[in-house]
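> If you read the sequences in order, they're chains A and B.
Just so you know, numbering that gives the first Met the number 0 puts 102 at position 103 of the first sequence, and the rest follows in order with no gaps.
Just so you know, numbering that gives the first Met the number 0 puts 151 at position 152 of the second sequence, and the rest follows in order with no gaps.
One copy or two, either will do: identical chains are not told apart, so a pair holds if it fits within one copy or between any two.
Cut-off 30 Å, straight-line C-alpha distance, at most; resulting in silico cross-link-like pairs (DSS-like, lysine-lysine): (1) K182 x K144; (2) K182 x K149; (3) K235 x K182; (4) K152 x K182; (5) K225 x K235; (6) K182 x K236.
Honestly, the hints are just simulated from the structure, not real lab data.
As the structure is a prediction and not an experimental result, all values here were calculated from the model.
So the chains spell out like this:
2 protein chains.
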Amino acid sequence: MSIGVYGLGRFGFFWAKLLSRYFNVKGFSRNPEREAPPGVKRVDEHELLDQNVIFLCVSISAMEEVLRRIGGRLKPDTLIIDTCSVKVYPAGLMEEILPGNVRIIASHPMFGPDSARDGLNGLPMIMWPLRNSDREFDFWSDFFKGIGLKVLKMDPDSHDREAAFTQGITHYIGRVIADLDLKESEIATVGYRKLLEIVAQTCNDPWQLFIDLQHFNPYTAIMREKLHSSIDRIMKKLDSL
Amino acid sequence: MSIGVYGLGRFGFFWAKLLSRYFNVKGFSRNPEREAPPGVKRVDEHELLDQNVIFLCVSISAMEEVLRRIGGRLKPDTLIIDTCSVKVYPAGLMEEILPGNVRIIASHPMFGPDSARDGLNGLPMIMWPLRNSDREFDFWSDFFKGIGLKVLKMDPDSHDREAAFTQGITHYIGRVIADLDLKESEIATVGYRKLLEIVAQTCNDPWQLFIDLQHFNPYTAIMREKLHSSIDRIMKKLDSL
Numbered sequence: 000m001s002i003g004v005y006g007l008g009r010f011g012f013f014w015a016k017l018l019s020r021y022f023n024v025k026g027f028s029r030n031p032e033r034e035a036p037p038g039v040k041r042v043d044e045h046e047l048l049d050q051n052v053i054f055l056c057v058s059i060s061a062m063e064e065v066l067r068r069i070g071g072r073l074k075p076d077t078l079i080i081d082t083c084s085v086k087v088y089p090a091g092l093m094e095e096i097l098p099g100n101v102r103i104i105a106s107h108p109m110f111g112p113d114s115a116r117d118g119l120n121g122l123p124m125i126m127w128p129l130r131n132s133d134r135e136f137d138f139w140s141d142f143f144k145g146i147g148l149k150v151l152k153m154d155p156d157s158h159d160r161e162a163a164f165t166q167g168i169t170h171y172i173g174r175v176i177a178d179l180d181l182k183e184s185e186i187a188t189v190g191y192r193k194l195l196e197i198v199a200q201t202c203n204d205p206w207q208l209f210i211d212l213q214h215f216n217p218y219t220a221i222m223r224e225k226l227h228s229s230i231d232r233i234m235k236k237l238d239s240l
Numbered sequence: 000m001s002i003g004v005y006g007l008g009r010f011g012f013f014w015a016k017l018l019s020r021y022f023n024v025k026g027f028s029r030n031p032e033r034e035a036p037p038g039v040k041r042v043d044e045h046e047l048l049d050q051n052v053i054f055l056c057v058s059i060s061a062m063e064e065v066l067r068r069i070g071g072r073l074k075p076d077t078l079i080i081d082t083c084s085v086k087v088y089p090a091g092l093m094e095e096i097l098p099g100n101v102r103i104i105a106s107h108p109m110f111g112p113d114s115a116r117d118g119l120n121g122l123p124m125i126m127w128p129l130r131n132s133d134r135e136f137d138f139w140s141d142f143f144k145g146i147g148l149k150v151l152k153m154d155p156d157s158h159d160r161e162a163a164f165t166q167g168i169t170h171y172i173g174r175v176i177a178d179l180d181l182k183e184s185e186i187a188t189v190g191y192r193k194l195l196e197i198v199a200q201t202c203n204d205p206w207q208l209f210i211d212l213q214h215f216n217p218y219t220a221i222m223r224e225k226l227h228s229s230i231d232r233i234m235k236k237l238d239s240l
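Make a model of the complete structure from these sequences and hints.
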């Protein structure tokens with residue numbers, strides 16, 4: 000089995016490096032300045048598309064363009080596994096654009112270089128079969144479980160609904176608080192230190208990921224509306240005193 | 000030296016218990032249902048006011064009433080140390096209401112039963128001399144340092160300004176997120192778990208503390224305005240895409 004990672008941004012670099020502990024991994028990025036991590040061979044796009052299993056680690060907003068670009072150049076029975084932080088949108092695109100002889104699994108590793116710093120144990124990873132054999136789904140599911148992840152089979156719509164009110168709201172709060180430009184403080188309480196950790200962690204991720212999380216998850220708009228309603232309710236309680 | 004703790008709510012109970020590891024501590028609450036922790040003698044108000052050093056652990060909004068109630072009944076040279084989470088307001092009240100022969104130190108132990116669960120080490124404690132001898136200020140400052148706290152001498156205005164944008168914003172975010180009624184989730188990311196910890200910790204404190212933090216700190220209104228402006232700015236960036 001030969002493994003390729005398409006996209007070597009912050010997450011792709013991390014992902015290729017992680018997989019290279021267990022597999023022979025090749026990496027490619029459309030950006031010539033992106034390097035592959037040590038242990039991963041940087042190849043050209045043609046060679047990358049020749050691998051049996053290809054993880055897509057491109058931004059959500061780049062998915063359509065990338066799928067149209069690679070769809071006709073994949074070998075029959077190539078397994079494509081996306082890693083997008085939203086699922087309904089890329090799952091629909093993959094089913095629509097990728098040729099019928101290409102296999103597809105949707106996945107969302109719900110962690111990254113920051114949150115996995117202390118190890119992978121118990122970190123959540125969502126998987127959903129779209130067009131694949133049970134055998135290959137089980138293989139990857141077992142592999143991810145084997146390296147310590149908490150693998151959950153969840154359909155794209157359920158994922159997006161739940162992720163909007165967990166990951167989505169966390170990134171939203173993180174970006175809002177970052178905009179306030181809060182500082183480290185000598186009188187920081189334990190809770191405030193946690194708030195700063197959320198800011199640091201969410202803002203280490205690319206701005207594009209934040210935008211895409213808020214834009215391509217159909218439930219984040221509802222999350223933001225509900226959050227703003229909660230602010231209004233709390234403000235009314237304060238004002239009525 | 001005899002020590003009294005006036006007020007046995009969530010914080011007063013915690014504080015009396017903490018001090019009783021080192022001193023003989025008596026406790027009183029206006030609420031007859033409030034019990035003293037093990038090791039602390041529950042006394043009546045008259046006996047409590049007979050102690051040399053009295054920590055006030057009443058809610059910020061009860062300070063004026065309590066000071067008027069006890070002011071004329073204190074022995075000369077009694078040392079009053081408040082523990083309010085805002086400082087300008089109670090410092091002004093104490094100086095105005097307490098008789099001139101009563102000594103006063105303003106303090107804010109910036110932790111509570113939740114945040115001190117893993118020990119006191121490095122937790123911040125603000126102190127400010129209002130009407131006292133250097134010797135007694137140093138005694139208490141050294142004592143709190145000796146049990147592991149990070150004691151900082153900070154004037155009430157600086158405290159309130161900085162606390163609004165650290166403790167104040169954390170409690171505000173905690174209450175807003177709590178209003179959203181978010182749930183534990185199987186797909187919780189590391190950041191989301193931190194957000195839930197903030198909610199749990201801030202909402203374990205009494206609702207009255209939240210209200211008082213937002214109401215009696217002159218800088219929290221500015222903090223909320225700035226936070227709402229940040230939300231507007233982030234929303235505009237999202238809407239402009």
